[in-house]
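Residue numbers (this note's numbering), protein chains in the order written: chain A, 1 to 838; chain B, 1 to 238; chain C, 1 to 250.
Because the hints were derived from the structure by calculation, they are not lab data. Predicted model only: the values in this text are computed from it and were never measured. Hints should not be assumed to be uniformly reliable.
Claimed, not checked - What follows is a list of derived Cβ distance ranges for each label pair:
no. : chain 1 : residue 1 : chain 2 : residue 2 : range
1   : C       : Trp78     : B       : Leu122    : 32 to 38 Å
2   : B       : Val231    : A       : Arg823    : 45 to 51 Å
3   : C       : Glu233    : B       : Gly16     : 50 to 56 Å
4   : B       : Lys206    : C       : Tyr238    : 21 to 27 Å
5   : C       : Lys32     : B       : Gln10     : 48 to 54 Å
Said to hold, decoys possible - Just some of the chain C residues that point at chain B, by a computed CB distance under 7 Å:
no. : residue
6   : Ser42
7   : Pro70
8   : Gly184
9   : Asn185
10  : His215
Claimed, not checked - Straight-line alpha carbon distances no greater than 25 Å define the calculated DMTMM-like cross-link-like pairs of lysine to aspartate or glutamate that follow:
no. : chain 1 : residue 1 : chain 2 : residue 2
11  : A       : Lys428    : B       : Asp138
12  : B       : Lys29     : B       : Glu60
13  : B       : Lys62     : B       : Asp232
14  : B       : Lys177    : C       : Glu233
15  : A       : Lys432    : B       : Asp138
Backbone N, C-alpha and C define an ideal beta-carbon position, used for all residues, glycine too.
Here is what each chain is made of, one letter per residue.
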Amino acid sequence: MAHKLRFLMIALVIATGVMAAHVMISAFVHLDSTYTGAFKKHAMASFTLQTANPSGSGSDAWIDYSNLTRIMNEFSNTEAGSDVEDFEVRIVYDTAFRVRGNQQNGRIVAFNTTDKTGTFRSQPSVNGYRLLSGNGFSQTSEYRNVCMVEGHLAEYWKLEPNEFIEVGDNYISFQILGTIASPEYLMNMGSYADILPSPRRFGVIFMPLRTAQGVLNVEGKVNEISVKLNDILSKSQREQVASDLKKFLEDEKGLKMGEPIDFDDQVSYYLLKLDIEEAREMGIMLPILLLGMACGGLYILLGRMVVAERKDIGVSQALGYSRNAIIKQYLGIAIVVSIVGTLIGTIFGVALSGVFSPTYVKVISIQFPAVVTFEWELVIVGIFLGLITGFIGGYFPVKSAIQALPAESLRFDPSRHIIAGRISFAEKFLNKFHIRFRVTGFRLPLRNFFRSKRRTFSSVFAVIISVSIISMAWGMMESMDYGLRVQYTIVEDWDLKLDFSEVPTNTSVISQAIRNNIDGVSNSTYHLLSGATLTSAKSSVSKTTQLIGINESDGYLGHTFRFINTKPRGEFDPEGVVLTVPIAEKLRVKVGDEVQLEIPRLTSLVSTAPLRAHFEMINVSFRVSGLVDEFNGLVTYIGLNRLVEVSNFPGSPANTILIQLDDPTDTNLEYVRSEIYTRYNYNIRNIYTKAEQSSDLLGLLEALYWVMYVIALFAVLLAVAMVYNTVYINLQEQERELATLLTIGTPNRHIIRNITIENTVITIIGSFFGLIFGWFLLWFFMAVVLDMEFFRIIIFMSDNTRFFSFFLTLLGVLFAEYFPLRRALNLNLAEATKERVV
Amino acid sequence: MSLVELENVQRVYQMGHSKIYALKNISLKLESGNLVVCLGPSGSGKTTLLNVLGGIDKCEGKICIAGKEITRFGKRKLSRFRRKHVGFIFQFFNLLPVYSALENVEYAVELSQKRSRNETRLKAEEYLKAVGLYEKKDMFPSQLSGGEQQRVAAARALAKEPKLLLCDEPTGELSVKEGRLVLATIQKLVRTRPDTLTVLVTHNRKISEIADLVISLRSGTIDSITPQKPVDAMEITW
Amino acid sequence: MALITLRDVQKEYRLGETITKALNGVSLDIEKGELVIIYGPSGAGKTTLMNMIGGLDIPTAGKVTVSEIPISTLSAKWLTVYRRKKIGVVFQFFNLISRLTALENVEYAIELVGVRTNPRDESSVSFRSKIIREKASEYLDKVGLGDRLHHFPAQLSGGEQQRVSIARALAKEPEILLADEPTGNLDFKIGRQILEIMEAMTGKEQNRTVIIVTHNEAICPLGDRVIRLSDGEVVENYTQEYVSAKDLYW
Ligand SMILES: Nc1ncnc2c1ncn2[C@@H]1O[C@H](COP(=O)(O)OP(=O)(O)OP(=O)(O)O)[C@@H](O)[C@H]1O
Ligand SMILES: Nc1ncnc2c1ncn2[C@@H]1O[C@H](COP(=O)(O)OP(=O)(O)OP(=O)(O)O)[C@@H](O)[C@H]1O
Ligand SMILES: [Mg+2]
Ligand SMILES: [Mg+2]
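Chain A with its partners taken away, still in its complex shape (with noise of 0.2 Å):
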């Protein structure tokens, strides 16, 4: 009864591998389909050009719109634009907006409303999108102030169809008419100068064209092409008819544009593929580890139970059943183990997958349907894992138990150390010592601990399996958080954060003016965030990063660099640059080295406040001065002044001002920002605390959150059971002697003592392993499964955690071993002592 239930807990666990595999994998199969549905319905675009200066003034910028339409219709008619299916010229604008009176960044995307033929269209041609509420454009639309809102944002402020938004510097209020999913913005993310921002900092609304045109002043006027070509061509074929759009577009049209962006490096795609990339890792491995217990369950399990009955097995061999048979037999036992196993493992697997897959969708907040379909491919695949799994647990430790003679297996005992009379190690060194233990005390458990490698080995291993599973899970969430707090204790050196709109070009005078006219305040310095695209001078592999210009003149940077140990010592040098490990690693640059940094330079200013000027791309060489590991994973530290002086920026340009109080409590912060706000609300799109901001992130990262709290609660779960299995067959093969010493005459206690003492010890010895292999793991899936380029996880395991597991552990192996010592305890002797069998 007692081993029918153990094979049903493993039976168990094999059937969570087997779900865990069918679930995880099919998540993302369905999600594939989800999204390439999405952009198949939708018409995503196969790429996007857009001017060189989208968001200035001028001829860089700005387009006309019926001249852009001709002259695509003109492209679509020669030989290299034979592939273009349909096209769409847009506006797609960064801007701030207004949401209930709070101030936040925001992109308008605007679409024309009427088709060639003058008739109404509530869909674009390329890059439509779905109605999640509310209701679309409509005829009376075109002109309008009505926008829709991309679900993102709309879900962050929980907005309402016919609510209002506040578009523009100016703050223009607009109606929404319904909320949206867009697959170009799957995922909340709009630039790479800016890695999954928050929907407070990045958000979407759609507008007609006519109504985006008049908000921006820009009559006519488009600056985007977004354009849709034959499904079969490749990226190379979709990146040959970008460039030679482009230039057929400059050179032919004398007009300027920017870097063709192609579907597969649209960032927010890019960044759901690198993201999924991992959680498909995890998906993989989750269920690998799932079945991996499994496996060593049932392999410890039958490992014990073979020697247990060891005896039987030698009458068996004695009588002439063949070693073969009796493997059969044992195996058997496996594999109806993992074929029950496998059995409720699909079934629920198949049947959960239809509830997991939409939750996933949703949970990395993705705004389309998931599309599920039923995967025999898949159900193969976890019939195989899970049988394959028993067959391993089931045929090695069976074979290797069964000894060849039965002679040697009819024994007392089996242990190899007794049968050749020696002792053990531990024995022979406390001897040397003089220390021999009383044979009613505590040699009997010593003896018992080296009685068998086998029995010590399976038990010490439960111990190190339940100990590192249950340090890695607490682990994979302490390093999380504790990544987070290093980001935010020591890395973001700051109380204050403020974004502007419009880049200022005397940040350095508010920032001053911020510090000397605000009590309190105790620094503030200034920084310019932006994206570009690095190129190692020796691999030439590039790699596009986040730029952070850091103003060092203050005294304060309002960033500490944690510098890896590198060689020579890395250090913030204002004329070089500092990359993140991730960046370094992919451009295979060491400190010291030389790295191309493509930026913007300026050719021509239009005006200074707002900032707008026209600009050419210039590769400029810096040094790697140091590597750091953050939890910002794809970041390029370069020293404003350098930055500024070589781009050619009137003053001194920045898109933030980092403050630092005195005293940072909650009404000193308050009382600084509004003192902010109301002193220089012009072009302040937004001030956060760091509160604030690392809540944000943490919203973020829920999903990931909730994936580790299931591993850890599998873990605990799936450890205590594995230790309980072991401890109590242990017990359970020492009935008969336990009956002997309880006839002799042995009191209780000293029964209870002896067991506890070997147990605690047992779980001592493991844990020391279990804890150097938990960190093992750990390192596996944060460092290596979870090798996120974006968010990086610094390793870490607390004190607290190391004690948690191993008293977890301790627990769940004193708990098991209650109930079959009470067994023991409460045997018939009479029986116990009479059998002479095995």
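Please build the complex by placing chains B and C with the ligands on the supplied structure of chain A, with the hints as guidance.
Chains B and C with the ligands only, in chain A's frame:
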């Protein structure tokens, strides 16, 4: 007062619909200083009788030992009673596999008596010598032959020098020569310690010659109780 | 050639420095149909010798041949086949399977050698298992345990357990029966009954070979051949005019 008194002792097993009377209505008084041999064919209830005497099996009726009614003892008290006063030679030895022959004997001595380690050891060795196993004292049960294991079991019970020595078929695996050694040791213990009682169970009629009192069991009931003049163990044969 | 021949068989156990010689150069021949008594004091090497003949253990040196099969050099796999086809063992320590009842313990052995069923009969599984069951209870009846069929080993007395072990070996109807102390826990009446069954298996009726290990000198007259062991060596090996089990007394 007799050392051991049994009053209407019964041990009944329910097997499905039928009842098996391992012991049926047994009343008995045994005085200390005696060697009692209990004879009976296989399955007649000999082992069961020893088990209830030693307090490791439950039964109906009343058993008093040295005036104490052990049938009313709780687990703890029973355990203490066994530890202090009972020596058991099991029909099937039940040695501790992780302990050598010597340690097995030492264990019982140490458990029942307060002695220095040295004394404990000497006592254990003395009895191993008596049963002719001194040379194999450091071997583990798995290295011993059947007869050797049986003698370790005998030494373990004897070395306690208990008030109540219960021997179940102590010569089952032994030839005449070795058997005599064990029986002689038992006999000697009874002779030198008149406050003790030994109950020895066997199916071998010849062995009963060493007894002061022979009890014949048949199907759980007492067939006959015969006092007799004991023969010296070294002089019997079978 | 004799059915069983042992040539200079040795079995050593190494204990750190010291070497125990459980068998020290045993040579002997046993003919088919003989009833052999192996007699000797405790620790003489009787069980060890029996293990060699039964293919349960292999000698450190020397050669064991049974039916011209060199047992001592067989692989584990063929040893199993040998045990299955030829050998029945009554263990000194019974070695019953505790999870099986008396009846099931015997069935377990019969299952192995199988039962002959008439191919034209219903050869269904249930029919087969019925035959096995009948045969098993028949043998348990023979050893006087007809009323203990459904007891588990822990619910049997010592002698009863021993008889289950004997029934199990007999039920295989082996060519060679090895019985280690088969009467050690039995009273005289039952013990003699068991010996009668064994006697009937030998040359006198069924021409099987029976080897009985004992420390009871009174049993020696039963053997066609008596082998006396001491300290791992054969000290006596003689054939004799046997005395029928019916006439034994101890
Ligand atoms: N695994 C072992 N390691 C060391 N010595 C052993 C081992 N097995 C047996 N022996 C020794 O070999 C000798 C012969 O043992 P065996 O079991 O054959 O004796 P036996 O004649 O059957 O005796 P008994 O009648 O007591 O059963 C014994 O002295 C025993 O101590
Ligand atoms: N747990 C049990 N359940 C059912 N019957 C039992 C149980 N224990 C013993 N018996 C039966 O009780 C009877 C007496 O058993 P006991 O062990 O006392 O016999 P014994 O006289 O010691 O015999 P032996 O000489 O064979 O050891 C036997 O017939 C046995 O089958
Ligand atoms: Mg008995
Ligand atoms: Mg033997």
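Can you list which hints this structure breaks, lowest number first?
Violated hints: 1, 7, 13; rest satisfied.
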